[in-house]
Amino acid sequence: MIAYIIRRLFAAVGTLFVVSVITFGIFYLFPRLAGATPETLATRYVGRSATPETVKAVANALGFYDPVTVQYWHWAKGIVVGSDFNLGTGVEHCPAPCLGYSFISRTPVWPDLLDRFPVTFSLAIGAAVLWLVGGLAVGVLSALRRGTFFDRAAMTLALAGVSMPIFWTGLMALSFLSYRWGIFPGGGSYVPFTQNPARWAYALLLPWITLAFLFSAQYARLTRAGMLETMNEDYIRTARAKGLVERDVVVKHGLRAALTPILTIFGLDFGLLIGGAVLTENVFSLNGLGKYAVIGISDQDMPKIMGVTLLAAGFIVLSNLVVDLLYAAVDPRVRLQ
Amino acid sequence: MTFLEVKDLRVHFPTDDGLVKSVDGLSFSLERGKTLGIVGESGSGKSVTSLSIMGLHKVGTARISGEIYLDGEELVSASPAEVRALRGKRMAMIFQDPLSAMHPYYTVGNQIIEAYRVHNHVSKQVARKHAIEMLDRVGIPQPEKRVDAYPHQFSGGMRQRAMIAMALSCDPDLLIADEPTTALDVTVQAQILDLIRDLQREFNSAVIIITHDLGVVAELADDIQVMYAGRAVEYSSAEDIFDRPQHPYTWGLLGSMPRIDQERLERLIPIKGTPPSLINVPSGCAFHPRCNYARMNEGASETERPELLDTGDGHMVACHLTPAKRQHAWETDIKPKL
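The listed protein sequences correspond, in order, to chains G and C.
Numbering of the first sequence is given in this note's numbering, commencing with residue 1 and proceeding in unit increments.
Numbering of the second sequence is given in this note's numbering, commencing with residue 338 and proceeding in unit increments.
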């Protein structure tokens, strides 16, 4: 088991390295390959109004004239130990972990990410609880009542849930439930959990439900398919032959086995979500990582976009690791491999 | 009173293609301490019969009629909850493939503990002790250690032993073994069969062994029932089945069985044709399209269903052949070739 964990950890570190290389490549190397000069790259950091001399100085200060490997080294080193940027107007310090320094807002990116992460995380965790409970319950019931009215209605609703984009369901929900009928608060009413848990939950309820609707639809379908498969397994017959009551047969034997693949997908979904729920955060005006990325894109503020990208990728690697470890805990057969 | 009595059992499954008559009028009985072998090809209804006794057919999929008495208690008309309370406690079952029949995510011990605690209100510690005892009893070495192993960490034979330990954990009066050795290595098969026999003597339970292989039940069973297309075609003591089988289908089974105790004169003789459709069961005797002797009955085999009749001393057969013709065919055609 310990060897398994260590192997997984090494794999995760390796993946992170590859992720960092790819992220770096996208933002530094690909523009160069596409014909951008160090000056055009530097323009994005200082704005279009700067004089050619300033642009050159900045390009030099940012190391755009260095070989790519050296640039990567400086960038990667910054993440670990922090780095300084000399823009001619004074040295700006970006403490570790320096995921980038925004020359537009003149701030390091990392503190911004830290500020916004709780919002995204709050959104993700609440929605995840809702969609797991809802999706699993509906999926199990649908599988057990296969072909009945309940099954068909639930699966039709699930198809609708999967098909409708969140910027539509979210806007509809806001428009009716919040602005027209006033049942839920409108966008932008987020309160940190540490300040007031009740208002935190109240403000997030509508985004949670909207996001959970999308996901639980998918999870209900997955659970249903998984349950239909496992309930036909021989060990279910064995469980019944022991004289177990049907509830135990379904939950302890059927659902337990059907849960494993769902766990994998859940880990990845959740990892993806805490890296920024771009659409949901924008629809509900939540200042999370997703919204931060959108601001970065509209301002053409490269370090911000890059910071969010790297953090999101890191979360996915991390959630993959957690899923692998959970998998071993859940399925004893995994540990042997 | 007989311990287990099945009377005119019929199990039909409605499907889109028509009514599948898996079991169609089956009667037999079994006493405590006795072993009944039910033999037949796939689709002859042997497994369906055992699942009916256990009440394991899905509600709504099977139409079951007839009567099944377990120690005087009627099971077909009993409520699912009543049958469930008997399952595992008074009647237990082991299955063909112990790897797929055990839950991959729970330890062997936990699965036995669960089986024991369903019917016995004891603490986990007590149940665990009992599980270790059971594993020891079925011949698993180091049971204190193996109790915490997962099914995939057991060999096939050990797994089937663990299945048996699980089935016997509540000391049931009836044990049904559905092809208990089919998925196992030949070397292990005999061990498992010996184990079942020893445990049966110890627990004095009634045992039903379901198999397609007459060799499996040859030594183990007191009585043997040969099934074909959902009905019994022959029923007798195990000795009689081998010494003087009466039904052409039983002859076919014997002829297709390899033997090691004596050299065969000819090759194995397969039964010609394929098992019958259970939706359109052949008229008359269901075996007649595959039977070499059906022509000798002036058409009765094609039109009239033969009843299972006693030929004397409890040997029952459902065949239109007259005893004399049967005797002649056995002596001249079949026996010399076995």
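Treat the hints with care, as some may be off.
Stated by the list, open to error - In silico lysine-lysine, BS3-like type, Cα no more than 30 angstroms apart, as pairs: (1) C:Lys-426 <-> C:Lys-466; (2) C:Lys-344 <-> G:Lys-252; (3) C:Lys-466 <-> C:Lys-482; (4) G:Lys-252 <-> C:Lys-371; (5) C:Lys-609 <-> C:Lys-371; (6) C:Lys-426 <-> C:Lys-461; (7) C:Lys-461 <-> C:Lys-371; (8) C:Lys-395 <-> C:Lys-466; (9) C:Lys-395 <-> G:Lys-252; (10) C:Lys-609 <-> G:Lys-252; (11) G:Lys-252 <-> C:Lys-461; (12) C:Lys-609 <-> C:Lys-672.
These aren't lab readings, by the way, just hints derived from the structure by calculation.
Evaluation of the provided hints:
no. : hint                    : result
1   : C:Lys-426 <-> C:Lys-466 : holds, 18 angstroms
2   : C:Lys-344 <-> G:Lys-252 : violated, 36 angstroms
3   : C:Lys-466 <-> C:Lys-482 : holds, 12 angstroms
4   : G:Lys-252 <-> C:Lys-371 : violated, 35 angstroms
5   : C:Lys-609 <-> C:Lys-371 : violated, 33 angstroms
6   : C:Lys-426 <-> C:Lys-461 : holds, 18 angstroms
7   : C:Lys-461 <-> C:Lys-371 : violated, 34 angstroms
8   : C:Lys-395 <-> C:Lys-466 : violated, 34 angstroms
9   : C:Lys-395 <-> G:Lys-252 : holds, 19 angstroms
10  : C:Lys-609 <-> G:Lys-252 : violated, 46 angstroms
11  : G:Lys-252 <-> C:Lys-461 : holds, 17 angstroms
12  : C:Lys-609 <-> C:Lys-672 : holds, 18 angstroms
The earlier numbered hints that this structure contradicts are 2, 4, 5, 7, 8 and 10.
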